[in-house]
Amino acid sequence: MPIELAINAAELIESMACNRACADVPATDDPAWLHMTQRLWSAVLELSGSGPVLITVDDVEYADSPSWHLMLHFVQRLKSSNVFLVLTTGEDTQGMEPEVEFALTRHAHYQRVKIGMLSAEGVLRMWELEAGEHAARKLGPCSHQVSGGNPLLVKALIDDYLDTGEPADDLVVGDAFARAVRAVLHRGDPTVLQTARGLALLAEPAPPHLLPELLGLSPAAVRQAEGVLRTIGLLESDDFRHPAVRAAVLDGLREDERTTMHARAARLLHAEGAVPTAVAEHLLGAGSPPEPWALTELRIAADQALLSDQPEFAARCLKLAIGLCGDDEQRARLLAALARAEWRFNPAVVRRHLGPLAESARAGALSFDDTAALLRYQVWHGALDAAADTLNRLPEPRDEEAALRLAATTEWLATTFPTIRVEGARTGGREPAGWGLSVAQGPSLLSSVLRDGPDETTLDNAERALQSVTLDDANLDTLETALFALVYSDNTHRAAPWCDRLYEEAVHRRSPTWRTLLAAIRSAIAIRQGDLTAAEEYARVSLAPLPPRGLGVFAGLSLAAQIRAATEMGRFAEAEECLRSPVPEALLQTRFGLHYLQARAHYYLAADQPQAALRDFTTCGSLMRSWGLDTPGIVPWRQGVAAALLRLGQRGKARTVLGHAYALPGERSPRIRGMSRRLLAAVSDAPQRPALLREAVDLLQAAGDRLELTYALVDLTHALNELGESNKARLVGQQADKIAEECQAEPLRRAVGPVGEPAGVSEAESLNLLSDAEQRVASLAALGYTNREISKKIYITVSTVEQHLTRIYRKLNVKGRRDLPTQFRRLQLR
Numbered sequence: 001m002p003i004e005l006a007i008n009a010a011e012l013i014e015s016m017a018c019n020r021a022c023a024d025v026p027a028t029d030d031p032a033w034l035h036m037t038q039r040l041w042s043a044v045l046e047l048s049g050s051g052p053v054l055i056t057v058d059d060v061e062y063a064d065s066p067s068w069h070l071m072l073h074f075v076q077r078l079k080s081s082n083v084f085l086v087l088t089t090g091e092d093t094q095g096m097e098p099e100v101e102f103a104l105t106r107h108a109h110y111q112r113v114k115i116g117m118l119s120a121e122g123v124l125r126m127w128e129l130e131a132g133e134h135a136a137r138k139l140g141p142c143s144h145q146v147s148g149g150n151p152l153l154v155k156a157l158i159d160d161y162l163d164t165g166e167p168a169d170d171l172v173v174g175d176a177f178a179r180a181v182r183a184v185l186h187r188g189d190p191t192v193l194q195t196a197r198g199l200a201l202l203a204e205p206a207p208p209h210l211l212p213e214l215l216g217l218s219p220a221a222v223r224q225a226e227g228v229l230r231t232i233g234l235l236e237s238d239d240f241r242h243p244a245v246r247a248a249v250l251d252g253l254r255e256d257e258r259t260t261m262h263a264r265a266a267r268l269l270h271a272e273g274a275v276p277t278a279v280a281e282h283l284l285g286a287g288s289p290p291e292p293w294a295l296t297e298l299r300i301a302a303d304q305a306l307l308s309d310q311p312e313f314a315a316r317c318l319k320l321a322i323g324l325c326g327d328d329e330q331r332a333r334l335l336a337a338l339a340r341a342e343w344r345f346n347p348a349v350v351r352r353h354l355g356p357l358a359e360s361a362r363a364g365a366l367s368f369d370d371t372a373a374l375l376r377y378q379v380w381h382g383a384l385d386a387a388a389d390t391l392n393r394l395p396e397p398r399d400e401e402a403a404l405r406l407a408a409t410t411e412w413l414a415t416t417f418p419t420i421r422v423e424g425a426r427t428g429g430r431e432p433a434g435w436g437l438s439v440a441q442g443p444s445l446l447s448s449v450l451r452d453g454p455d456e457t458t459l460d461n462a463e464r465a466l467q468s469v470t471l472d473d474a475n476l477d478t479l480e481t482a483l484f485a486l487v488y489s490d491n492t493h494r495a496a497p498w499c500d501r502l503y504e505e506a507v508h509r510r511s512p513t514w515r516t517l518l519a520a521i522r523s524a525i526a527i528r529q530g531d532l533t534a535a536e537e538y539a540r541v542s543l544a545p546l547p548p549r550g551l552g553v554f555a556g557l558s559l560a561a562q563i564r565a566a567t568e569m570g571r572f573a574e575a576e577e578c579l580r581s582p583v584p585e586a587l588l589q590t591r592f593g594l595h596y597l598q599a600r601a602h603y604y605l606a607a608d609q610p611q612a613a614l615r616d617f618t619t620c621g622s623l624m625r626s627w628g629l630d631t632p633g634i635v636p637w638r639q640g641v642a643a644a645l646l647r648l649g650q651r652g653k654a655r656t657v658l659g660h661a662y663a664l665p666g667e668r669s670p671r672i673r674g675m676s677r678r679l680l681a682a683v684s685d686a687p688q689r690p691a692l693l694r695e696a697v698d699l700l701q702a703a704g705d706r707l708e709l710t711y712a713l714v715d716l717t718h719a720l721n722e723l724g725e726s727n728k729a730r731l732v733g734q735q736a737d738k739i740a741e742e743c744q745a746e747p748l749r750r751a752v753g754p755v756g757e758p759a760g761v762s763e764a765e766s767l768n769l770l771s772d773a774e775q776r777v778a779s780l781a782a783l784g785y786t787n788r789e790i791s792k793k794i795y796i797t798v799s800t801v802e803q804h805l806t807r808i809y810r811k812l813n814v815k816g817r818r819d820l821p822t823q824f825r826r827l828q829l830r
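Under full-length UniProt numbering, the residue at position 643 of the sequence shown is numbered 643, and the numbers go up by one with no gaps.
In short, the hints are calculated from the structure, not lab data. There's no promise every hint is true.
[To be verified] Once the Cα atoms are required to be at most 20 Å apart in a straight line, the calculated EDC-like pairs of lysine to aspartate or glutamate come out as:
id, residue 1, residue 2
1, 79, 121
2, 114, 226
3, 138, 159
4, 79, 64
5, 79, 61
6, 138, 121
7, 138, 101
All figures in this text were calculated on a predicted structure; none of them were measured in a lab.
All chains should be modelled from the sequences, with the hints used to inform the complete structure.
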């Protein structure tokens, strides 16, 4: 456009706008306006003399009356000119003046074009042009789904992708998209925006009449608005295409608008009889609803939320309910419920409720279950004196189930927090009827294992409890003690699968507290199996999801596993860092403190501080004896004391301590007997050591403790070397080195010394070539057993052993037993 013509047209348009602002008559009756309209058309005609002129008007439905008549003036003169007019409008064209619409439709060259959303191919093309072929191929399809093909939304998604500054594997739905959503809505009819806000606020499907009532609109207007929302790519069926659309819509609401709408939605849903959780969502959004029914809805919603594993939502409901409640006794019950919900996902925050809840318990305002739960929180956080007071204030059991739970609680305290003295009156002096069928049986099983030693009936009952008891807050003590009944009886092979199942359930149900406790127990199991990497990983997982104070005294289990694993893997700096971690003062008044002392003592032994190790092992023994829990199944402290005395050169005292250990019921365990035989070999004369160490190897293989087995194999290697049996020593050393490598126990690998790897076929080939009987003979021969010893162990003649060995050497192409592949030791381990 020539500059002079452009200036004249701009001045003319400005004059027309000023004229209409000051005029008090309609534009069609104003001669000055009509004159300026003609002058503007003349300017457009003059411009069209040098080429076609295209006039575009966007969102024409929002034009005022003078603008419509200006366009009508132009439309009536288009036929004989080189001027083209393009008008765009949204879905709703009701605002177009009939006279203009009539003139448009009568025009010979009038065309109405309905432009839909982009196809999937169109979206792909946009991505190719803006972000490249790779991004288009990867993100184009999901971009089309999220945007519904709306070009403005697609462009925003591309902008969000490009704003990341680096290629992304997933679609980025960010700020640009949110701005685009709000822009699309604000350009349309206000009813569409209002409907979008109502849908976003309700979130969940509601009865059809509820949305119009919430918005104060007619059902027909809402249906039409929903149709527009589908057309512009925000809705798919009855829901938003992406959560970011709902978030963007809600972000556009002022706080006062949002709370008002939430309060109205809550009232409507309550009147409809909607589920309490749906009503509670809006009560929370409203902030402080004055309705008298709100308190009941919030409490019921919290109960339902806990049952469906949504403790955070339950806690929000209960906090609001407490703020609305004016009755002290009811507030106490609500606070107890809040503590139960918060304990599920963050026990640390429950500490602030311990004082008020204890006061309520003293006043008799808490139920039996709430008081029992308070007791659990107190011991978790090491408030053992307060827990003793709470125990004495537990209400009398109201029924047989409560009596069972009281008995279970006292059993649990006696075995886990033994400094809390349980009065006989609180247990009723006997086991309630039906005990054997109760979910509260776990603590009794653990008590039986620690008091009388394990028997098969007790262990079977422990597994039955683990199979039948549901994972929840009230039953967590039962599950923990049933697992430890298996662990302390050295049946880790039975405990591990149950613990894994429960841990997976805790992860699935999103409970950090359950997950933390079960991971801590699993780390203790892994240590006893010699699986150091698993122990380290489970301990790390246990300590990760909660703040430092969240795990309470149960941190002793996880820290013990971390310290022991790091020590045995030779990572002493990590072990020292764990030892510097703060622990609750009450830790050493609990069963879990014994695990911690044991791990610290082993660190001191590895760090060449045997006197400090002796002190910790002795402390373990003193505590266990004073608590009536002196069984090596928890901590074999006597074996630890003997090991420390050996390091101090006091072999006689070590032998005396080991002699005392033999008299204990726990010595029946293959693991404990194996540890004792290994240490006894160390205080015995050289010719006696190999036999004692081979017995230790057999016992530890049967127990499944790979770490203690490696210690025994290392000692056997040195014992054989000392007697000049180098070939046997080399075979045993190879096995020790192999297991130590699998355990990542680097100090033990160094203790083995250099070993040669015999030539031979691969493990898979070896096992496939030999029969089962030949594999058994090969495994014992690889351990250094003589033919006569092998014949006695597997009940065959010496001649049969010799025949097996001849075939084994021929099949494996080796010269003798010293060349047998090391993998045969695994056959015994399994």
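Structure-inconsistent hints, enumerated in ascending order:
The structure conflicts with hints 1, 4, 5 and 7, although it agrees with all the remaining ones.
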